Amino acid sequence: QKEVEQNSGPLSVPEGAIASLNCTYSDRVSQSFFWYRQYSGKSPELIMSIYSNGDKEDGRFTAQLNKASQYVSLLIRDSQPSDSATYLCAVNRRPSGSARQLTFGSGTQLTVLP
Amino acid sequence: GAVVSQHPSWVICKSGTSVKIECRSLDFQATTMFWYRQFPKQSLMLMATSNEGSKATYEQGVEKDKFLINHASLTLSTLTVTSAHPEDSSFYICSARELGTSGNIQYFGAGTRLSVL
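Going line by line, the protein sequences match chains A and B.
FYI, the numbering for the first sequence is 21 to 134, going by the working numbering.
FYI, the numbering for the second sequence is 2 to 118, going by the working numbering.
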């Protein structure tokens, strides 16, 4: 089982719709969770961080965390063509014998159709 | 958010030569910096964790003698790809974690695209 799993997509939604991105993680003791956006050929850009169960909203973005189910999601409301990118879920964890580090999912490619 | 500067953004080199990539935290101090590699259509893979003033910790399968990491100050880490070969061509990205912050947020540099001929 991968440490962090995402649906690879691609996911296509029409402009103005809600895009829903999902992520599950295997390390139950993880405490910090992040969503990054990566445009083609660019480095990741932090969109949201979430540490507690429940919802966290920032503009058109809402992150949801359910530690019991080991599940993190990102909702993008009123999707715009400029939201088209790969979205990376990242979980902060401490592998055995290693320092705390981010583990990334494989990413979900989102396309917002005009 | 905090700014991480990475240079060069793009480099082409001949096989067998060495390439140095710099990663600087511009407006904060970073005790820990991370180096990632990303191949096309794949996610980021952590190569090594760099702590200021100490040796880097390399992930399994990453050759420490080939990928030399130096973290001499709280604002600068360098990655040197020694004797580069075409299979080392990739997108290298650094990130930095701000000293004293909770939540372990990492800020990423813009990345360096390396092409080895």
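No wet-lab data here; the hints were simulated from the structure.
Incorrect hints may appear among the rest.
[Claimed, not checked] List time: in silico DSS-like cross-link candidates among lysine-lysine, alpha-carbon distance up to 25 Å:
| # | chain 1 | residue 1 | chain 2 | residue 2 |
| --- | --- | --- | --- | --- |
| 1 | B | Lys15 | A | Lys22 |
| 2 | B | Lys42 | A | Lys62 |
| 3 | B | Lys21 | B | Lys65 |
| 4 | B | Lys21 | B | Lys56 |
| 5 | B | Lys15 | B | Lys65 |
| 6 | B | Lys56 | A | Lys62 |
| 7 | B | Lys67 | B | Lys15 |
| 8 | B | Lys42 | B | Lys56 |
| 9 | B | Lys21 | A | Lys62 |
| 10 | A | Lys87 | A | Lys76 |
| 11 | B | Lys15 | B | Lys56 |
| 12 | A | Lys22 | A | Lys87 |
Predicted model only: the values in this text are computed from it and were never measured.
The hints, checked one at a time:
no.	hint	result
1	B:Lys15 with A:Lys22	36 Å, violated
2	B:Lys42 with A:Lys62	12 Å, holds
3	B:Lys21 with B:Lys65	14 Å, holds
4	B:Lys21 with B:Lys56	17 Å, holds
5	B:Lys15 with B:Lys65	21 Å, holds
6	B:Lys56 with A:Lys62	29 Å, violated
7	B:Lys67 with B:Lys15	16 Å, holds
8	B:Lys42 with B:Lys56	31 Å, violated
9	B:Lys21 with A:Lys62	20 Å, holds
10	A:Lys87 with A:Lys76	14 Å, holds
11	B:Lys15 with B:Lys56	28 Å, violated
12	A:Lys22 with A:Lys87	17 Å, holds
Taken one by one, the earlier hints fail for this structure at numbers 1, 6, 8, 11, listed in ascending order.
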